[in-house]
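Residues per chain, in single letters:
Protein chains: 2
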Amino acid sequence: MKKKYLMAPGPTPVSPEVLLEMAQPIIHHRSPQFSEILAEVREGLKYLFQTKNEVLTLVATGTGGMEGSVSNLLAKGDKGLVVRGGKFGERWAQIISAYGLTPVNIDVEWGYGPDPGVIRDHLKKDSAIKAVYVQAHETSTGVKFPIQEIGAVVKEFSGVALVVDAISALGVYDIKTDDWGLDVVVSGSQKAMGLPPGLAFVSLSELALEMMARSDLPKFYFDFKKERKNLLENKGAYTSAVSLVFGLRKVLRDIKAEGLEVMFARHALLAKAARAAATALGLAMFPKDSPSETLTVFLAPEGMDAGKIVKILRDKHGVTVAGGQDALKGKIFRISHMGYVDRFDLITALSALEMTLMELGYKFEVGAGVKAAEEVFIGGAQ
Amino acid sequence: MKKKYLMAPGPTPVSPEVLLEMAQPIIHHRSPQFSEILAEVREGLKYLFQTKNEVLTLVATGTGGMEGSVSNLLAKGDKGLVVRGGKFGERWAQIISAYGLTPVNIDVEWGYGPDPGVIRDHLKKDSAIKAVYVQAHETSTGVKFPIQEIGAVVKEFSGVALVVDAISALGVYDIKTDDWGLDVVVSGSQKAMGLPPGLAFVSLSELALEMMARSDLPKFYFDFKKERKNLLENKGAYTSAVSLVFGLRKVLRDIKAEGLEVMFARHALLAKAARAAATALGLAMFPKDSPSETLTVFLAPEGMDAGKIVKILRDKHGVTVAGGQDALKGKIFRISHMGYVDRFDLITALSALEMTLMELGYKFEVGAGVKAAEEVFIGGAQ
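Same order as they appear, the protein sequences are chains A and B. 1 is the number of the first residue of the first sequence in our numbering; add one for each residue after it. 1001 is the number of the first residue of the second sequence in our numbering; add one for each residue after it.
None of these hints come from the bench; they were simulated from the model. Be aware that a few hints might be false.
What the hints assert, rightly or not - Chain A stretches covered by chain B per the calculated footprint, using a threshold of three residues with CB under 8 Å from any CB of chain B:
{"no.": "1", "region": "1-14"}
{"no.": "2", "region": "21-34"}
{"no.": "3", "region": "48-62"}
{"no.": "4", "region": "85-99"}
{"no.": "5", "region": "242-255"}
Just so it is clear, CB atoms sit at the ideal spot from N, CA and C, and this is done for glycine as well.
So here's chain A without its partners, still in its complex pose (with noise of 0.2 Å):
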């Protein structure tokens, strides 16, 4: 017997309740029954989302949201500033560039988040730039990115749209779609919405919309204003994936009864946990700005590979964590909190890492992770 702990930041574990529900007998994706499910999906993602614009829902990962974000509000000749402070501004280069467009990159050094000064500094000097596309939370370094800041500096553009990935980010804390002046939320089901992989959420503002309107770059499976239009009508513009459809709908249910506040605050009661085992093991942290509540990321110690501290901890202990990527590869790992994940999850990665460590020969107090865990819980509020 050897059971298994996912505690990587996506896909994240289901619950056996959501696990269930998807297990339903499937219906037709055109039927009354589905569009009545469809329907209150979109009142939940609106709240989730806290906004009051439309969600679509799209049968992709969260990068198909990222794309369609760029091909349907960009029109030829078009820029888009990049703040590119990880693995994910990245790809919004990647993809602005795919479409022969120009990304105007701003690069901030891994581990730290962008000063907004230096986007409306961009936006001063360059009209060309439509939109700003940034990530709410860089899955790759566990920083988090100051967007109501950002969105403020950005509504001193008219006309220019704030595009936000928050796939890691949505539901693990506060992120005020409407208020802040975000146009565009990006988010994935995989993540603190604790579905299985295949669904991209994403917002669309007034000022989003105009600019669909007059987009000219070439899309069709991502056609954004064809799915907002099918949306109204509660269908899909293609076949709905209904099995993860059904989960969703009953994640949103379990969202609402919880609560937003409660939610933030179950995952930053988390990560308050894993910064102090972090900090009673002896380890430092990487993010030097901000870090998430997501998850939290460990330097390794000095001289020892984060990658063998990955791999010990899935094959010996079943507790899967993720490394670092890129330049990071060997240096970090990465122990995610959100979603489906408690504080006994989190007693069992501390415990299991604390385990690895011994076998690696890291010299520290032995069981002082899981004791700093257990005194911020017993002092939360949850």
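Fit chain B to the given chain A structure using the hints.
What follows is chain B alone, placed relative to chain A:
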């Protein structure tokens, strides 16, 4: 208590065994465990597609696979030859136009299949045509297109690819991808495979790979080169739809165990029974050329709205069938018998149809449809 019977041409019913398979705990899409599954799925798809080439698995509906077959194969200035013999032929033309290219349309009256000679004529006179886009089966009309003959014609023209939408054909009847020279075959999970919607599949020949190397159309999420490169390492380019892939592995194992010939014979027998029932009920069938084994397309009796038949079947009897699309709305209804549908599902649909026709005042020998189907089943080889 009201049982539901899904007899529409996608999504089709999913077996309880497959639903439970998909209800397994999620695993990480980059784990060795998941790579093993993808390796098995790769082989299973080659068997189903009757190809030695790789078959991509995309997180999308079939339309995403269709779009990628345009954006990855064609280049600026190319033309695509399209057989427009129904709603899905129109989709090929719309996708090609969306990319700023010219579709050369062969318009075929709905209900008929194309003449392969006309394809030859177009290819002879227009060397800008680099690919032929065609359906294996037009789901909107129930007509099978002569793909083998079209394959032979297209092979006369070096460097021209044949792209086949086999979304509602693959697994229903014989499609010999390699033997017939089909360069790209597109399919989807929610048809004969009996999975929920959410996965598209695309096989790629050597010629397709060559065309992908020269294609300069914009693409990112549906980047076949990137997907194929990852597939060769048993990975997806982005996050795989883990739960659907669990189901896919199960379905491909079942298909291998049953064998393609038995699977095709099963579908052929159901189609034969449905056609015999139609004749016994005095109902004409819509297709003028080769009716498919995927579904049976009935013309509503003179003066009767097919939409009413569909509605009564669904609301009173719990049997979901499809009506007509666009110009055929109100004129036809379509009973699908592909995928996880057995003889008693068809008997159920025919029985419900008889009761519906009685209610609508149609004069016929009650019981004759079910009787004719039973006679086919008893005489059948299965």
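Hints and how they fare:
For the region 1-14 of chain A, the stated coverage by chain B holds: 8 residues have a C-beta nearer than 8 Å to a C-beta of that chain, and at least 3 were required. Counting residues of the region 21-34 of chain A whose CB lies closer than 8 Å to any CB of chain B gives 9, which reaches the minimum of 3, so the coverage claim holds. Only when three residues or more bring their CB closer than 8 Å to a CB of chain B does the claim for the region 48-62 of chain A stand; here the count is 4, and the claim holds. Counting residues of the region 85-99 of chain A whose beta-carbon sits less than 8 Å from any beta-carbon of chain B gives 4, enough to reach three: the coverage restraint holds.
Counting residues of the region 242-255 of chain A whose CB lies closer than 8 Å to any CB of chain B gives 3, which reaches the minimum of 3, so the coverage claim holds.
Every hint from the earlier list agrees with this structure, and none is contradicted.
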